[in-house]
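Please construct the entire structure, taking both the sequences and the accompanying hints into account.
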Amino acid sequence: MSNFINSIAIIQPKEAMDKICKMIGDMTESEYGKETKTIVETFYMEEELKKPYNNGETEYPITEEGVKHGWLYDNVGTKWITVGVDDNIRIESPSYIPDGFLIKLYSLCINEFENVSLTCKWYDEGTTICGTTFIKDGIYVEDETYLEGDEISDSNYNVTGDEEVDDVKEWLLSQINKNSSIKEGDIESMDEGSLRETFEWWKNENKWDTITDIHDDMFSNCEETIETKGSEFFVAKVKKIANVKYDMIKDCYPFK
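Take the working numbering: the last position of the sequence shown gets the number 269, and nothing is skipped along the way.
A couple of the hints might just be wrong.
Claimed, not checked - Pair by pair, the computed Cβ-Cβ distance ranges are:
#1 Glu60 to Ser187: 54 to 62 Å
#2 Trp215 to Lys263: 47 to 55 Å
#3 Gln25 to Gly206: 43 to 51 Å
#4 Ser233 to Gly38: 28 to 36 Å
#5 Trp214 to Lys263: 48 to 56 Å
#6 Asp222 to Thr173: 18 to 26 Å
#7 Lys196 to Phe268: 23 to 31 Å
#8 Glu183 to Lys263: 24 to 32 Å
#9 Gln25 to Phe268: 51 to 59 Å
To be verified - Computed list of lysine-lysine pairs in DSSO-like fashion (alpha-carbon distance at most 30 Å, straight line):
#10 Lys258 to Lys27
#11 Lys50 to Lys35
#12 Lys252 to Lys32
#13 Lys32 to Lys258
#14 Lys35 to Lys196
#15 Lys149 to Lys182
#16 Lys64 to Lys35
#17 Lys63 to Lys252
#18 Lys32 to Lys263
#19 Lys47 to Lys64
#20 Lys27 to Lys242
#21 Lys182 to Lys252
#22 Lys196 to Lys182
#23 Lys32 to Lys149
#24 Lys32 to Lys47
#25 Lys35 to Lys258
#26 Lys63 to Lys263
#27 Lys32 to Lys50
#28 Lys149 to Lys64
#29 Lys63 to Lys81
#30 Lys64 to Lys250
#31 Lys242 to Lys263
#32 Lys196 to Lys92
No lab work stands behind these hints: they were computed from the structure.
Each residue gets a CB set at the ideal place from its N, CA and C atoms; glycine is no exception.
Structure representation (structure tokens):
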């Protein structure tokens with residue numbers, strides 16, 4: 014997986030979302046590179062910090078420099094993390110989604126609110142992979158997929174500017190339908206610069222429409238997986254992490 018995973022998380026009900034957003038908003042401002050330490054000190058309790066980690070290491074994981082990677086992998090799921098809030102909870106992490114942190118957010122809400130769920134949709138910086146996590150009824154479900162992008166016809170194809178102009182024109186014409194604002198005649202009359210500009214614009218829209226559709230399909234599968242207790246749909250990861258209310262299962266994370 015590429016560096017930098019961009020994750021967007023939403024928690025239901027709204028009161029649970031508000032609680033987590035307030036915790037994020039109340040965090041002390043961090044120096045660059047110290048954001049992970051601030052997040053750990055905000056969201057994790059001393060008993061979690063004092064548990065053995067990394068197959069038995071017991072040294073206190075928080076230092077002046079930051080947080081030991083072994084503890085982070087065992088509790089957060091990745092070696093660093095940043096969080097912020099706009100309309101949703103925005104998370105950035107390297108290489109992997111912070112699945113342990115998502116479980117922590119869920120655990121902070123289930124003893125206070127009814128029918129808590131957490132949805133997280135993510136993609137990597139190169140948009141070569143995307144995925145969805147859904148947590149509800151004490152079950153963690155995750156799915157992901159790689160996005161094809163080698164051929165000009167692939168929805169995830171990255172425009173280079175070196176494409177043969179005839180191939181660009183052929184692809185644009187293949188996208189025209191009765192609802193298109195640009196018609197075949199418009200494409201035929203475009204000069205090379207306009208063709209390439211339109212190609213890049215349409216390709217970018219096509220890519221994000223595809224990722225949105227994939228996220229929606231994955232969420233439906235994750236939702237069905239929880240409803241059927243994992244018996245109906247094949248997804249990348251399913252694990253019971255808590256009783257339906259109040260009680261997280263001991264050692265529910267990390268995943269083995």
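Status of each hint after checking the structure:
no.: 1; hint: Glu60 to Ser187: 54 to 62 Å; verdict: holds (59 Å)
no.: 2; hint: Trp215 to Lys263: 47 to 55 Å; verdict: holds (52 Å)
no.: 3; hint: Gln25 to Gly206: 43 to 51 Å; verdict: holds (47 Å)
no.: 4; hint: Ser233 to Gly38: 28 to 36 Å; verdict: holds (32 Å)
no.: 5; hint: Trp214 to Lys263: 48 to 56 Å; verdict: holds (52 Å)
no.: 6; hint: Asp222 to Thr173: 18 to 26 Å; verdict: holds (21 Å)
no.: 7; hint: Lys196 to Phe268: 23 to 31 Å; verdict: violated (52 Å)
no.: 8; hint: Glu183 to Lys263: 24 to 32 Å; verdict: violated (59 Å)
no.: 9; hint: Gln25 to Phe268: 51 to 59 Å; verdict: violated (23 Å)
no.: 10; hint: Lys258 to Lys27; verdict: holds (17 Å)
no.: 11; hint: Lys50 to Lys35; verdict: holds (18 Å)
no.: 12; hint: Lys252 to Lys32; verdict: holds (25 Å)
no.: 13; hint: Lys32 to Lys258; verdict: holds (17 Å)
no.: 14; hint: Lys35 to Lys196; verdict: violated (49 Å)
no.: 15; hint: Lys149 to Lys182; verdict: violated (47 Å)
no.: 16; hint: Lys64 to Lys35; verdict: holds (27 Å)
no.: 17; hint: Lys63 to Lys252; verdict: holds (25 Å)
no.: 18; hint: Lys32 to Lys263; verdict: holds (24 Å)
no.: 19; hint: Lys47 to Lys64; verdict: holds (22 Å)
no.: 20; hint: Lys27 to Lys242; verdict: holds (25 Å)
no.: 21; hint: Lys182 to Lys252; verdict: violated (48 Å)
no.: 22; hint: Lys196 to Lys182; verdict: holds (12 Å)
no.: 23; hint: Lys32 to Lys149; verdict: holds (17 Å)
no.: 24; hint: Lys32 to Lys47; verdict: holds (23 Å)
no.: 25; hint: Lys35 to Lys258; verdict: holds (22 Å)
no.: 26; hint: Lys63 to Lys263; verdict: holds (15 Å)
no.: 27; hint: Lys32 to Lys50; verdict: holds (20 Å)
no.: 28; hint: Lys149 to Lys64; verdict: holds (26 Å)
no.: 29; hint: Lys63 to Lys81; verdict: holds (12 Å)
no.: 30; hint: Lys64 to Lys250; verdict: holds (25 Å)
no.: 31; hint: Lys242 to Lys263; verdict: holds (20 Å)
no.: 32; hint: Lys196 to Lys92; verdict: violated (50 Å)
In summary, the structure is inconsistent with hints 7, 8, 9, 14, 15, 21 and 32 from the numbered list given earlier, while agreeing with the others.
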